[in-house]
Amino acid sequence: TSNAGAQPGDQLILTKPIGTGVIATGAKQQKVDPDVMKNAVKTMATLNKAAAEAMMEVGVNSCTDVTGFGLMGHLRGMVKASGVAAQIRYRDVPLLPGAWDLLNQGVVPGGTYRNMQQVADTVLWNEEITEEQKLMLCDAQTSGGLLISVPGSKANQLLIRLQAAGVPISAVVGKITGAAAGTIEVIP
Numbered sequence: 185t186s187n188a189g190a191q192p193g194d195q196l197i198l199t200k201p202i203g204t205g206v207i208a209t210g211a212k213q214q215k216v217d218p219d220v221m222k223n224a225v226k227t228m229a230t231l232n233k234a235a236a237e238a239m240m241e242v243g244v245n246s247c248t249d250v251t252g253f254g255l256m257g258h259l260r261g262m263v264k265a266s267g268v269a270a271q272i273r274y275r276d277v278p279l280l281p282g283a284w285d286l287l288n289q290g291v292v293p294g295g296t297y298r299n300m301q302q303v304a305d306t307v308l309w310n311e312e313i314t315e316e317q318k319l320m321l322c323d324a325q326t327s328g329g330l331l332i333s334v335p336g337s338k339a340n341q342l343l344i345r346l347q348a349a350g351v352p353i354s355a356v357v358g359k360i361t362g363a364a365a366g367t368i369e370v371i372p
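In our numbering, the protein residues as written are 185 to 372.
Honestly, the hints are just simulated from the structure, not real lab data. Being a predicted model, the structure only gives us computed values, none of them experimental. Some clues are possibly wrong.
[To be verified] Only pairs whose alpha carbons sit at most 20 angstroms apart, straight line, appear in this in silico EDC-like list of lysine to aspartate or glutamate:
hint, residue 1, residue 2
1, K264, D285
2, K318, E241
3, K212, D285
4, K264, D305
5, K215, E316
6, K338, E241
7, K226, D249
8, K222, D285
9, K215, D285
10, K212, D276
11, K222, D276
12, K233, D249
13, K359, E369
14, K318, D305
15, K338, D219
16, K338, D276
17, K359, D276
18, K359, D249
19, K264, E369
Could you build all of it, start to finish, from the sequences and the hints given here?
Here you go:
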């Protein structure tokens with residue numbers, strides 16, 4: 185499965201929470217609570233194998249891993265390769281516990297700022313999306329999850345399979361749309 189092939193009507197499912205970049209940077213600055221760090225390390229150590237197997241069983245249109253370019257950067261690659269557009273609903277994107285607090289203390293990896301600049305030509309940010317929320321969606325991930333574009337009719341089936349496969353946090357974070365190809369709209 186490649187990052188091309190996403191179709192309008194697909195649901196976008198993310199298999200891990202985001203925020204590893206912020207937490208890793210916070211750890212370097214000795215600002216991270218040990219429980220926050222332990223949870224982040226556990227998430228990073230979780231392989232995407234079970235999620236990939238569940239995805240192959242159900243049958244999906246497109247998939248990308250979410251790593252250094254952040255959620256927005258990897259979604260940008262998917263919409264451009266597929267010739268489609270996407271919409272992300274910020275409130276549906278799972279965040280690692282502690283990541284939001286650190287980001288609001290100014291803990292942001294350099295790569296995250298670069299990611300935000302990189303997607304500037306692609307992303308249409310709703311006016312209610314804050315600068316901090318933009319940064320979180322662009323946060324450079326270490327060992328992030330999969331972003332899967334699955335036909336709408338199979339989305340629930342995939343979520344059930346992911347849960348059964350032991351993927352603890354997977355969520356529908358948006359959808360593929362018929363808007364201008366290569367664009368991403370982010371709504372609250």
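We went through each hint and held it up to the structure:
1. K264 with D285: Violated: K264 and D285 sit about 32 angstroms apart, past 20 angstroms.
2. K318 with E241: Not satisfied, since the Cα-Cα distance of roughly 33 angstroms exceeds 20 angstroms.
3. K212 with D285: holds (16 angstroms)
4. K264 with D305: Since the Cα atoms of K264 and D305 sit roughly 12 angstroms apart, the hinted pair holds (cutoff 20 angstroms).
5. K215 with E316: holds (18 angstroms)
6. K338 with E241: holds (11 angstroms)
7. K226 with D249: OK: K226 and D249 at ~17 angstroms, within 20 angstroms.
8. K222 with D285: Cα-Cα ~16 angstroms, so holds.
9. K215 with D285: Holds - the C-alpha atoms of D285 and K215 are around 10 angstroms apart, at most 20 angstroms.
10. K212 with D276: Not OK: K212 and D276 at ~28 angstroms, beyond 20 angstroms, violated.
11. K222 with D276: Outside the cut-off at roughly 23 angstroms; violated.
12. K233 with D249: holds (12 angstroms)
13. K359 with E369: At roughly 10 angstroms apart (the allowed maximum being 20 angstroms), E369 and K359 satisfy the hint.
14. K318 with D305: Holds: K318 and D305 sit about 14 angstroms apart, inside 20 angstroms.
15. K338 with D219: Violated - the C-alpha atoms of D219 and K338 are around 35 angstroms apart, more than 20 angstroms.
16. K338 with D276: holds (19 angstroms)
17. K359 with D276: holds (11 angstroms)
18. K359 with D249: holds (17 angstroms)
19. K264 with E369: Judged against 20 angstroms, a Cα distance of about 14 angstroms means the pair holds.
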